[in-house]
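Given chain A, put chain B in place with the hints provided.
So the protein sequences, as listed, match chains A and B.
Residue numbers for the first sequence follow our numbering, beginning at 605 and rising by one.
Residue numbers for the second sequence follow our numbering, beginning at 3 and rising by one.
It is worth saying that the hints were derived from the structure and are not from the lab.
Nothing false has been slipped in among the hints.
Chain A regions said to be covered by chain B (calculated; three or more residues, Cβ under 8 Å):
| hint | stretch |
| --- | --- |
| 1 | 646 to 655 |
| 2 | 693 to 701 |
To give an idea of the interface, some chain A residues facing chain B are shown, with a C-beta separation under 10 Å as derived from the structure:
| hint | residue |
| --- | --- |
| 3 | Pro617 |
| 4 | Arg618 |
| 5 | Glu661 |
| 6 | Tyr689 |
| 7 | Arg933 |
| 8 | Lys935 |
| 9 | Lys944 |
| 10 | Tyr945 |
| 11 | Asn947 |
| 12 | Leu951 |
Ideal Cβ positions, reconstructed from N, Cα and C, are used throughout, including at glycine.
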Amino acid sequence: MDVGIVSYGAYIPRYRIVPQEIGKVWGTDGESMGRGLYILSKSVPGPDEDVITISVEAARGSLRRCNVDPKQIGAIYVGSESHPYAVKPTSSIVAEAIEASPNMTAADFEFACKAGTAAIQCCLGLVGSGMIKYGMAIGADTSQGAPGDALEYSASAGGAAFLLGSEDIIAKINRTVSYTTDTPDFWRREGQDYPSHGGRFTGEPAYFKHITAAAKRLLDVMETSPSDYDHAVFHQPNGKFPVRVSKQLGFNEQQIETGLLTPSIGNTYSGAVPLGLASILDVAEPGDRIFAVAYGSGAGSDAFDITVTDAIKDLRLEAAPTIKELVERKKFIDYATYAKYMNKIKLKEAVE
Amino acid sequence: MAVARFWRENASRYNLIGTKCGVCERVYFPPRSVCPTCHRASIGKMEPFKLKGEGEVLTFSIVHEAPSQMEMQKPYVIAIVEMDEGVRITGQIIDAELDDVAIGMKVRTTLRKVSDEGDAGVIHYGYKFMPL
Chain A
605 MDVGIVSYGA YIPRYRIVPQ EIGKVWGTDG ESMGRGLYIL SKSVPGPDED VITISVEAAR
665 GSLRRCNVDP KQIGAIYVGS ESHPYAVKPT SSIVAEAIEA SPNMTAADFE FACKAGTAAI
725 QCCLGLVGSG MIKYGMAIGA DTSQGAPGDA LEYSASAGGA AFLLGSEDII AKINRTVSYT
785 TDTPDFWRRE GQDYPSHGGR FTGEPAYFKH ITAAAKRLLD VMETSPSDYD HAVFHQPNGK
845 FPVRVSKQLG FNEQQIETGL LTPSIGNTYS GAVPLGLASI LDVAEPGDRI FAVAYGSGAG
905 SDAFDITVTD AIKDLRLEAA PTIKELVERK KFIDYATYAK YMNKIKLKEA VE
Chain B
3 MAVARFWREN ASRYNLIGTK CGVCERVYFP PRSVCPTCHR ASIGKMEPFK LKGEGEVLTF
63 SIVHEAPSQM EMQKPYVIAI VEMDEGVRIT GQIIDAELDD VAIGMKVRTT LRKVSDEGDA
123 GVIHYGYKFM PL
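Only chain B is shown next, with the shape it has when bound in the complex:
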């Protein structure tokens, strides 16, 4: 039963809530409870931090052999996006022609279905990237 595991991450998946270290001010996504740079000094100083949702494609790959959940969407693009806040996030690029996706392309997040647990199971929603 993955319901709770996914639900626990809703704030991050829906609204890009990461964390910011109160000591070095580095931003992390997904959220971390301890800053890997400041270690013990950051304990109790990691604050929730919402990313604006805009960034640019750092690199990408076109997936032709998809896992079963993504069969209906292949070929599709998975990219590493550098967000305006500096943090890098992996996600799917949607609503763009494969030939139009390029390194440096400006994108923003939107909410889409990410997966589901079969016809009777829960539907998981999360961020994907669309051209800005």
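Extracted from the complex, chain A is given alone in its bound form:
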């Protein structure tokens, strides 16, 4: 049975902050920081936005684009490291808001930046085994970076939702493989407001090792080479890493161009590869082959080999905003407004 993407939707908050604005506050050269990370601006969630509102907007967009009755969705999984509740699922609220509940299963996933692709894999399994007809997998984050930390230049917000099934698929997922180890490159302990990271340790032994291993495994299994793919998307904690890892693997700049969003919107964590994949699907033609590799700290990589089908021509793309439209819909804010929106200002407890 062919299993794949039936529809997809995405959402990126409209607020943006530039690295110069962040650097100005902390006495660092924001411009050179932005250049070093290859991040020109990052998205910031509004004060009334969180992973739930982002997930709902993305999921509703995916349903507007196709003719699937939400009651036929048998599973909803939301991957994020910024679920609004520590206990109380994001996914049950999303299910209610897209009218998929109650005869379905739902759960929240967490695996740093790859929880969204883990959700896709679970839905693939459930659809492929015949347990459910459709599954909704969402990767979304409103990621946190401690004030003044290097992460503050990249941690951003956004997400994408993928409706997976076996009928009328616009993109067939040919194969997925993963690579997982215990690598403490980035973490956040329970109750902590901001994550910690191992600095340069997040590079070679973490990001590069896992992405490369998963990518090579997939190329081996599929007996393909990078030139067989029209598009490629890699996890993008900054704008630099995905460019470097794609070169190491033998992909060229044209292949990764469409899926590389971090320079404009920052690192959307669990939303990163899902948004990059959505950006590729926005422009993909039938027959296009896509190579996607997510990375989550802690650490692991999920790699996907995808072929776009003729059915993509029937998708109502215009029924929801494209990634290009979402990226271009922006309002720049200063650091003070950013700090207010991100809850970085200590307030007196409100008295009703």
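Frame of chain A, contents of chain B only:
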């Protein structure tokens, strides 16, 4: 404890589920159990009715003195929106510059955080309007 009170209205707040009178076909939002026009004749004939979520601004006000829950968002816009189905709903307009909000502006609903019960309390979600 307002948890149950708010939860009871989730269908309306998340998905704009109102009611339609089976006698006169008038649409109501929030839902009503009796039609104020048909009275007793409507009992048992009020059906759930989902609004499409699109409409236009009938009138609006810019709020500069906000209640504590809205402090972070002021100044913000509260509008009465006439939905395509004819029913009028009050809600916040988001993702628009104050100068751009105008009577007749086309809007659609989206889900946002409406309020919460403090850092440890439940978060309430509901509809707000964004430019179409």
